[in-house]
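Chemist: Sequence:
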Amino acid sequence: MRKTLLSVAALLCMLTACTKNTNEWELVWSDEFDGEVIDTTCWSKIPRGTSDWDNYMSDFDSCYALRDGNLVLRGIVNYTQKNDTAQYLTGGLYTQGKQMFTGGRMEIRAKLQAGRGVWPAIWMLPENIKWPDGGEIDIMERLNYDTISYQTVHSSYTLKGNGNDTIPPHFGTHAINPQDYNIYSVDIYPDSLVFAVNGSHTFTYPRIETDEPGQFPFYCPYYLLIDMQLGGSWVGQVDPKDLPVEMWVDWVKYYRKR
0 MRKTLLSVAA LLCMLTACTK NTNEWELVWS DEFDGEVIDT TCWSKIPRGT
50 SDWDNYMSDF DSCYALRDGN LVLRGIVNYT QKNDTAQYLT GGLYTQGKQM
100 FTGGRMEIRA KLQAGRGVWP AIWMLPENIK WPDGGEIDIM ERLNYDTISY
150 QTVHSSYTLK GNGNDTIPPH FGTHAINPQD YNIYSVDIYP DSLVFAVNGS
200 HTFTYPRIET DEPGQFPFYC PYYLLIDMQL GGSWVGQVDP KDLPVEMWVD
250 WVKYYRKR
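All the letters of the sequence shown, read from the start, carry residue numbers 0 to 257 under numbering that gives the first Met the number 0.
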């Protein structure tokens with residue numbers, strides 16, 4: 000029999016809808032994208048891979064901009080890069096190898112343009128642990144023209160397909176302002192992850208007592224990824240008539256408990 004083991008703090012958090020006062024937190028790192036160039040001491044462009052989420056990643060300048068105090072990441076049709084056979088090009092940044100985060104609160108204010116097959120994401124991965132053993136924290140994903148965002152955790156435990164999707168639930172959705180900025184956040188504790196959108200609790204993922212390994216690997220150094228994604232098995236086919244599409248990031252803030 001599986002027993003849920005929650006700390007008093009996590010239980011109180013769930014009972015009070017996990018709305019936490021920012022005064023409890025100390026800002027220790029941020030980027031407000033007010034400069035003229037991307038800060039390469041913190042960020043690198045995400046290289047192309049073979050997964051749905053990174054198979055159009057590009058370092059092409061047209062996929063990146065700093066504009067009006069925002070980081071702008073674009074998804075475009077590849078009309079000009081003749082040496083690149085990819086149909087589409089997307090921009091994405093991560094802090095891998097440069098800025099790591101253990102515990103604390105990660106908060107991002109962003110505005111997301113919509114389109115068919117458009118899949119912007121803000122998420123976190125561990126530095127040196129093979130996926131999915133080290134877990135994955137999805138702070139925001141939006142699909143197509145949805146008026147909701149998804150917040151999810153993945154691990155070797157949640158991906159076994161033996162009922163672990165519901166014990167405990169590992170994802171939640173929340174309404175967003177589809178034409179405006181929204182604030183997406185996760186509070187990372189040793190015993191729970193607490194997700195919110197615009198300060199409103201989405202769901203809490205607790206550490207539980209279980210004989211199965213890998214249920215809560217999340218309290219370790221993670222890096223942050225922010226990327227525009229196009230197409231794939233989850234979001235579906237891209238409509239090129241909806242491109243270019245942009246993701247505007249006003250700021251990223253990382254807090255620790257006082």
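Worth flagging that the hints you see were computed from the coordinates, not collected in a lab.
One or more of the hints may lead you astray.
Said to hold, decoys possible - Derived pair list, reagent style DMTMM-like, types lysine to aspartate or glutamate, alpha-carbon separation capped at 25 Å:
no.	residue 1	residue 2
1	252	126
2	256	25
3	97	145
4	159	179
5	252	179
6	110	60
7	256	31
8	110	67
9	110	132
10	97	35
11	81	249
12	252	190
13	129	190
14	44	126
15	110	51
16	44	249
17	129	25
18	240	145
19	44	25
20	159	208
21	110	210
22	110	211
23	44	67
24	256	60
25	252	83
26	110	208
27	240	58
28	159	190
29	44	31
30	110	53
31	110	38
32	110	190
33	81	208
34	81	241
35	256	126
36	240	60
As the list claims (entries may be wrong) - Beta-carbon label-pair distances, calculated as ranges:
no.	residue 1	residue 2	range
37	189	79	46 to 54 Å
38	256	83	38 to 46 Å
39	67	146	19 to 27 Å
A virtual CB, placed ideally from N, CA and C, is assigned to each residue, including glycine.
Chemist: Against each hint, give a clear statement of whether it holds in the structure.
Modeler: A quick look at each hint next to the structure:
Distance check on the hinted pair: residue 252 and residue 126 sit about 19 Å apart at the alpha-carbon level, within 25 Å; holds. In summary, the hint linking residue 256 to residue 25 is supported, as the alpha carbons are separated by about 6 Å, within the 25 Å threshold. Restraint check for residue 97 and residue 145: not satisfied, since their Cα atoms lie roughly 33 Å apart, outside the 25 Å limit. Distance check on the hinted pair: residue 159 and residue 179 sit about 37 Å apart at the alpha-carbon level, beyond 25 Å; violated.
Among the hinted pairs, residue 252 with residue 179 is consistent with the structure: their alpha-carbon atoms are about 19 Å apart, no more than 25 Å. With a C-alpha separation of about 20 Å, the suggested pairing of residue 110 with residue 60 holds against the 25 Å cut-off. Taken as a hint, the residue 256 and residue 31 pair is honoured in the structure, with Cα atoms around 21 Å apart against an allowance of 25 Å. For the given pair, residue 110 sits about 13 Å from residue 67 by alpha-carbon distance, which is consistent with the 25 Å threshold.
Restraint check: the Cα-Cα separation between residue 110 and residue 132 comes to about 31 Å, which exceeds 25 Å; the hinted pair is violated. The straight-line distance between the Cα atoms of residue 97 and residue 35 is roughly 20 Å, inside the 25 Å bound, and the hint therefore holds. Among the hinted pairs, residue 81 with residue 249 is inconsistent with the structure: their alpha-carbon atoms are about 32 Å apart, more than 25 Å. Using a Cα cut-off of 25 Å, the hinted pair residue 252 and residue 190 holds, with the two alpha carbons roughly 22 Å apart.
A distance of roughly 22 Å separates the Cα atoms of residue 129 and residue 190; the hinted pair therefore holds under the 25 Å criterion. Under the criterion of a C-alpha separation no larger than 25 Å, the hint pairing residue 44 with residue 126 is consistent with the structure, at around 16 Å. As the CA atoms of residue 110 and residue 51 are separated by approximately 22 Å, the hinted pair is consistent with the 25 Å bound. Using a Cα cut-off of 25 Å, the hinted pair residue 44 and residue 249 holds, with the two alpha carbons roughly 18 Å apart.
Of the pairs offered as hints, the one joining residue 129 and residue 25 is violated, with about 31 Å between alpha carbons and a cut-off of 25 Å exceeded. Distance restraint check for residue 240 and residue 145: the Cα-Cα separation of roughly 18 Å lies within the 25 Å cut-off, and the hinted pair is therefore satisfied. Taking the CA atoms of residue 44 and residue 25, the gap is near 28 Å; set against the 25 Å cutoff, the hint is violated. Between residue 159 and residue 208 the alpha-carbon distance is near 17 Å, which keeps this suggested pair within the 25 Å criterion.
Distance check on the hinted pair: residue 110 and residue 210 sit about 41 Å apart at the alpha-carbon level, beyond 25 Å; violated. Restraint check: the Cα-Cα separation between residue 110 and residue 211 comes to about 39 Å, which exceeds 25 Å; the hinted pair is violated. With a CA separation close to 20 Å, the supplied pair residue 44 and residue 67 stays within the 25 Å bound. A threshold of 25 Å between alpha carbons decides the hint, and for residue 256 with residue 60 the separation of about 38 Å lies outside it, so the pair is violated.
A C-alpha spacing of about 35 Å is found between residue 252 and residue 83, which places the hinted pair above 25 Å, so the restraint is violated. For the hint linking residue 110 to residue 208, the alpha-carbon distance of about 38 Å lies beyond 25 Å, and the restraint is violated. Between residue 240 and residue 58, the direct Cα distance comes to roughly 23 Å. Compliance with the 25 Å bound is thereby established for this hinted pair. Distance restraint check for residue 159 and residue 190: the Cα-Cα separation of roughly 21 Å lies within the 25 Å cut-off, and the hinted pair is therefore satisfied.
A hinted pair counts as satisfied when its Cα atoms are at most 25 Å apart, and residue 44 with residue 31 qualifies at roughly 17 Å. Under the criterion of a C-alpha separation no larger than 25 Å, the hint pairing residue 110 with residue 53 is consistent with the structure, at around 20 Å. Distance check on the hinted pair: residue 110 and residue 38 sit about 20 Å apart at the alpha-carbon level, within 25 Å; holds. A distance of roughly 31 Å separates the Cα atoms of residue 110 and residue 190; the hinted pair therefore is violated under the 25 Å criterion.
For a cut-off of 25 Å, the pair hint linking residue 81 to residue 208 is broken: about 54 Å separates their Cα positions. For the given pair, residue 81 sits about 22 Å from residue 241 by alpha-carbon distance, which is consistent with the 25 Å threshold. For the hint pairing residue 256 with residue 126, the CA-to-CA distance comes to about 22 Å; that is within 25 Å, so the pair holds. Between residue 240 and residue 60 the alpha-carbon distance is near 21 Å, which keeps this suggested pair within the 25 Å criterion.
Hint check: residue 189 to residue 79, Cβ distance near 49 Å, so the stated range 46 to 54 Å holds. Under the hint 38 to 46 Å, the C-beta atoms of residue 256 and residue 83, about 45 Å apart, fit the expected range. Taken as a hint, the range 19 to 27 Å holds for the pair residue 67 and residue 146, whose Cβ atoms sit roughly 25 Å apart.
Going down the numbered hints, you'll see the structure goes against 3, 4, 9, 11, 17, 19, 21, 22, 24, 25, 26, 32, 33, while the others check out.
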